[in-house]
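Top line first, the protein sequences correspond to chains A and B.
Letter 167 of the first sequence, counting from 1, is numbered 167 in full-length UniProt numbering, and no numbers are missing.
Letter 438 of the second sequence, counting from 1, is numbered 438 in full-length UniProt numbering, and no numbers are missing.
Keep in mind that the hints are not guaranteed to be accurate.
As the list claims (entries may be wrong) - Derived Cβ-Cβ restraints for the label pairs, each shown as a range:
id, chain 1, residue 1, chain 2, residue 2, range
1, B, 270, A, 214, 23 to 31 Å
2, A, 59, B, 153, 50 to 58 Å
3, A, 55, B, 123, 47 to 55 Å
4, A, 59, B, 202, 15 to 23 Å
5, A, 214, B, 274, 16 to 24 Å
6, A, 214, B, 85, 32 to 40 Å
7, A, 55, B, 137, 53 to 61 Å
Said to hold, decoys possible - A few chain B residues facing chain A, derived, Cβ under 10 Å:
id, residue
8, 84
9, 86
10, 175
11, 192
12, 221
13, 222
14, 226
15, 244
16, 279
Since the hints were made in silico from the structure, they are not lab data.
For each residue, glycine too, the CB sits at the ideal point set by N, CA and C.
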Amino acid sequence: MLSKGLKRKREDELEKETLAVDAWWLGPRPPAVAQAPPAVASSSLFDLSVLKLHHSLRQSEPDLRHLVLVVNTLRRIQASMAPEAPLSPVPSPPPAPGAAADSLLASSDAALSASMASLLEDLSHIEGLSQAPQPLVDEGPPGRPTSGAPPSLGALDLLGPATGCLLDDELEGLFEDIDTSMYDSELWAPASEGVKPGPEAGPGKEETLELDEAELDYLLDVLVGTQALERPPGPGR
Amino acid sequence: MGEDTDTRKINHSFLRDHSYVTEADIISTVEFNHTGELLATGDKGGRVVIFQREPESKNAPHSQGEYDVYSTFQSHEPEFDYLKSLEIEEKINKIKWLPQQNAAHSLLSTNDKTIKLWKITERDKRPEGYNLKDEEGKLKDLSTVTSLQVPVLKPMDLMVEVSPRRVFANGHTYHINSISVNSDCETYMSADDLRINLWHLAITDRSFNIVDIKPANMEDLTEVITASEFHPHHCNLFVYSSSKGSLRLCDMRAAALCDKHSKLFEEPEDPSNRSFFSEIISSVSDVKFSRSGRYMLTRDYLTVKVWDLNMEARPVETYQVGAAASKSRSPSERVTRFFPAPPPSASVIMTGAYNNFFRMFDRNTKRDVTLEASRESSKPRAVLKPRRVCVGGKRRRDDISVDSLDFTKKILHTAWHPAENIIAIAATNNLYIFQDKVNSEMH
Numbered sequence: 001m002l003s004k005g006l007k008r009k010r011e012d013e014l015e016k017e018t019l020a021v022d023a024w025w026l027g028p029r030p031p032a033v034a035q036a037p038p039a040v041a042s043s044s045l046f047d048l049s050v051l052k053l054h055h056s057l058r059q060s061e062p063d064l065r066h067l068v069l070v071v072n073t074l075r076r077i078q079a080s081m082a083p084e085a086p087l088s089p090v091p092s093p094p095p096a097p098g099a100a101a102d103s104l105l106a107s108s109d110a111a112l113s114a115s116m117a118s119l120l121e122d123l124s125h126i127e128g129l130s131q132a133p134q135p136l137v138d139e140g141p142p143g144r145p146t147s148g149a150p151p152s153l154g155a156l157d158l159l160g161p162a163t164g165c166l167l168d169d170e171l172e173g174l175f176e177d178i179d180t181s182m183y184d185s186e187l188w189a190p191a192s193e194g195v196k197p198g199p200e201a202g203p204g205k206e207e208t209l210e211l212d213e214a215e216l217d218y219l220l221d222v223l224v225g226t227q228a229l230e231r232p233p234g235p236g237r
Numbered sequence: 001m002g003e004d005t006d007t008r009k010i011n012h013s014f015l016r017d018h019s020y021v022t023e024a025d026i027i028s029t030v031e032f033n034h035t036g037e038l039l040a041t042g043d044k045g046g047r048v049v050i051f052q053r054e055p056e057s058k059n060a061p062h063s064q065g066e067y068d069v070y071s072t073f074q075s076h077e078p079e080f081d082y083l084k085s086l087e088i089e090e091k092i093n094k095i096k097w098l099p100q101q102n103a104a105h106s107l108l109s110t111n112d113k114t115i116k117l118w119k120i121t122e123r124d125k126r127p128e129g130y131n132l133k134d135e136e137g138k139l140k141d142l143s144t145v146t147s148l149q150v151p152v153l154k155p156m157d158l159m160v161e162v163s164p165r166r167v168f169a170n171g172h173t174y175h176i177n178s179i180s181v182n183s184d185c186e187t188y189m190s191a192d193d194l195r196i197n198l199w200h201l202a203i204t205d206r207s208f209n210i211v212d213i214k215p216a217n218m219e220d221l222t223e224v225i226t227a228s229e230f231h232p233h234h235c236n237l238f239v240y241s242s243s244k245g246s247l248r249l250c251d252m253r254a255a256a257l258c259d260k261h262s263k264l265f266e267e268p269e270d271p272s273n274r275s276f277f278s279e280i281i282s283s284v285s286d287v288k289f290s291r292s293g294r295y296m297l298t299r300d301y302l303t304v305k306v307w308d309l310n311m312e313a314r315p316v317e318t319y320q321v322g323a324a325a326s327k328s329r330s331p332s333e334r335v336t337r338f339f340p341a342p343p344p345s346a347s348v349i350m351t352g353a354y355n356n357f358f359r360m361f362d363r364n365t366k367r368d369v370t371l372e373a374s375r376e377s378s379k380p381r382a383v384l385k386p387r388r389v390c391v392g393g394k395r396r397r398d399d400i401s402v403d404s405l406d407f408t409k410k411i412l413h414t415a416w417h418p419a420e421n422i423i424a425i426a427a428t429n430n431l432y433i434f435q436d437k438v439n440s441e442m443h
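The shape of chain B in the complex, shown without the other chains (with noise of 0.2 Å):
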């Protein structure tokens, strides 16, 4: 790419001094949907931001399918809780896409208390010719209708519109962190620190409780629950992560109440590796079922796990984020999902880390390499070059010494696309979307 050092080490220092970021844009959620036409993306301000990929045209071969903005819209909105005079934030947590069942599409955002369901619908046609109506919509003066018409559909500028559908409130005592749909379309649940219920997507007046963590003395906590997903293909089987570093895979079929999990995933804690933060490096930040569901990916403060749902004993594969195990500290919180490959089964695995760093693992040859998104390292188009983090020692001319890292700038937000190569970044208030290309050097 024929960076000049000096260049990148002038910007990178600007980036820090200067935080034009308002933080409303700060994206908090990041999500293709099924066919990967549409990415939506969460912000801290309540907004969500509709991306729709643009058909390839042979017109302009070089506009390969980008993204460009599909709608905006408000989902949340922050609330005041008067009894405990608190104010809830309006920053989208999780947005997720349900199965498109007709030209709409919907989706359904959640902020810490909230789950909203909404219906995304284009207009391109409109009624003209209305016997009552002028083209204002004034009525018209009757002595003035002579003859009647039938109005005519005529075409209009493309007219996205959104309406909130169903509204999910009063569900939680606590941060919700996650939502999911059930593979059956009907339902989906939401988690919060201590509880996980289940709803029916029509239903807003109630909803199941199916989890519940929460000790009878206060006192007693010990573990929060950290996210939750549904299996892909068993309605009844949902998986949820603890800050323990620990996976249950619950049964809904077993109990009405699953607090008694049917799996349990732990690593057993590495003696010689103990310290006082053990749990805070184990406990996971989230969890992903892959495309077959037979594996179940995690990511906790310095790896990123790949787990057998038929062995509950320990991982199957464990990858290290940091540059150096012992030295890094280039954790995240958002784990992306399996990338389906031509190969039968996933094969690279994304994260993303500090300074504005992701880490891809290609599970099959076992190697990795470590991407910036920033604006400075990519433009637009051009291919995006390995980057090294060094510990100690010589030091390459490209690489960034690991006490130069920038913890202030965290990848938390990763997405793939459901079948081709193409990625979401959030980095801050930031989107980049990177796709493969032929010759790329990507592995």
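In isolation and in its complexed conformation, chain A is listed as follows (with noise of 0.2 Å):
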């Protein structure tokens, strides 16, 4: 990724982002935010942790540990850009300088908070698929071991180690596999006018990050510590 002591310009990769982000959302974007300042540092760094998230979520099978920590991030960057941060010791954004501006955190907020509900929604989905029954334990006293039901185990685990998987739903759950919200990828288009709460916003997080876009990438990244040595998705992966 990068060549022996060479850097990038701060600016080439902030456009080089914004393009992805750009054709990420297949939407016409405002012009407003086209424009934005390259120092959107957290607004940038929400477009970052929705790509991978949302990139996470393509793959067939998304890596809970990935998941789990991306979208925590994404929570306390939320958390932060609403208008009261309990989280970032960082003072409140400097007061927007027209109406327009507050109109347009308020919406970015809704907007931020549906999307947030809508990823976590399709998170719980996809995992609504590899429930796994387990209702011994659930419903009966705790501390059953799965071996409390012999028969139907034992049964189950006659199957091949592919039809294993029936241990993980419900009867029910075979059909929810016929719902395809989680191949659709207008997931997008109601929340991406509102993703970019604009300048405003950003500003003050900078301090807080100590590191730059480009580190923002690999620490994500590093979280699958081995994602970048693993086959790139294909089908059925």
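Grab the two chains, each in its own frame, and use the hints to assemble them into the complex.
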């Protein structure tokens, strides 16, 4: 990624990232966003995280650890972008120059929440397909071993490894597979206009970040340290 | 070592531009057995390669007990989950040796979903002189048999046979990240992202779930299990680490389901260092007990920490893995065991990093050294030269600038011989074995 001793210019990097985000969202973006100054660290951070999360979700079998860490980071960013930011010690953003900017912020919060909610819903939807049944553990007294129902477990175990996933679902869960919402790329359409709240929310957060864009990208990738070595997602992976 | 800087630069870039590594050869786990005689490696292609240390012979003083290939076998094959339309990778995530109880060796190997118990036996004798079969094994014409003979065992070339003895399948919904054999030598545990199961080594059709952190609503999921291990001496104790950077010590005597921890080890977040990435940075990638069982070693993005089981509030020691903490990006994922030095307590810690570097910390002198595992920087039997990563400003001749670190080359898996100063380092598809020399410069 980096040739020896060469540093990329910050503006170049942000440009590239903005372009990438553009292509991803497949839709027209408000012109104000395209002209946002480079110093929109936390919203770029948010975009980056959202990109990674969506990339992760698009994989047929998302890595839970990666997902959880990215979602938690997104939550933190979202919390700090909200008007009251209990997490972040940074002072609240400077007063917006006009009412227009205020309304942009307000609407962006709503849109942010909406996008986060839909993200998490998606996550739970995907995970719903891989729920383990373990009804004995959930309903009965805690601590029952899964061997508490030897006949059913034994029957399931006679099946081959590929069908071991039948352990995961209730019967109804089998039909959840038909729902194609997780393959829907329109997930981002309603949220896209609101995700960039504008330059006002950004600058105050910069000081809290010691790392720049390229390092953020690497950091998030480090979560799944072996991801660099993994095969690219293909059909069925 | 008299390295030529120019040569090294050329080789460095050559390696980066040409990736001749076959993906299947990438080593994914390394583990010595309990005596250190055998070293097992697992790779992405589902194979296990076992190395054996050659006995030191007086005829070849230079061999010094080197490791040679002992056996290779295909442990796991890729599988297809038809219900979810997903391929289950054959990559070996972990190998754990069982304590040796007879002439055979046994190990557990696991991929994302299935754990297998393998038995490794040697055969160096063969019976000859059967009455009913000839040398090729074909049945003899009985009319030609005129006398009876007793088959005799004759020596033959050593043959190593590996056979699967148990397959522990269908126990995990999520990806298995750790296995750990209990000190009782009868049970072992396997951990995935959300659950930990307890198995009996002889029983494959059932397992006990002992930890379950799956929330009722997956939308509430905020934490996953990253690693777990049994206590080396107390068969009722085990620890598991989480993506939030906490360690939980659980006692199986307290309850059948150990969702409630007995002890929680967590270092409070430093408010001055808080950032959006605090959690990612503090996520523990591996946890190991010391040999004594008194301490735990954890690895996160930036540091290696030593915890005392008697103190939950914070680690007793913290070692920065990066060259400079503020600009460091040299973490890795795997942590090695303590080194059982002649002094009663373990004294040196090792961990892997980027750019094929690995770091060693001396707990007594508080000194550390960075070394490199690569063909260019080390010829066989050459002494490793400490490397320096400089952040900026003055740069010495052989220093590596932090910007030129190659982050695609990371040492994720390391292992330390249980009794001697021998370490095994896996760098992508290469395995390096380093031994301590009497006059070595290693601290």
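Against the structure, the hints come out as follows:
Distance hint for residue 270/B and residue 214/A: a CB-CB separation of about 24 Å, consistent with the stated range 23 to 31 Å. The hint said 50 to 58 Å for the Cβ distance between residue 59/A and residue 153/B, and at roughly 56 Å that hint holds. A hinted range of 47 to 55 Å holds for the C-beta pair residue 55/A and residue 123/B, which are about 50 Å apart. In this structure, residue 59/A and residue 202/B break the distance hint of 15 to 23 Å, their C-beta atoms being roughly 37 Å apart.
As the Cβ distance of residue 214/A to residue 274/B is approximately 21 Å, the hint placing it in 16 to 24 Å holds. The beta-carbon spacing between residue 214/A and residue 85/B, approximately 35 Å, falls within the hinted interval of 32 to 40 Å. In this structure the hint that residue 55/A and residue 137/B lie 53 to 61 Å apart at CB holds, the actual value being about 57 Å. Proximity of residue 84/B to chain A holds as hinted, the smallest CB-CB distance being about 6 Å (cut-off 10 Å).
The criterion of a C-beta within 10 Å of any C-beta in chain A is met by residue 86/B, whose closest approach is roughly 5 Å, and the hint holds. Here the hint on residue 175/B is kept, as its CB sits about 7 Å from the closest CB of chain A, short of 10 Å. For residue 192/B, the interface hint holds, the least distance from its beta-carbon to any beta-carbon of chain A being 9 Å, beneath 10 Å. For the restraint placing residue 221/B at the interface with chain A, the shortest Cβ-Cβ distance is roughly 6 Å, inside the 10 Å limit, so the hint holds.
Evaluation of the residue 222/B hint against chain A yields a held restraint, the C-beta minimum of about 6 Å falling below 10 Å. Nearest Cβ of chain A to the Cβ of residue 226/B: about 7 Å, under the 10 Å cut. The hint holds. At its closest, the beta carbon of residue 244/B sits 8 Å from a beta carbon of chain A; the interface hint therefore holds under the 10 Å criterion. Interface hint status for residue 279/B: upheld, as the beta-carbon distance to the closest one in chain A is roughly 5 Å, under 10 Å.
Hint check: a violation occurs at hint 4 only; the rest are consistent with the structure.
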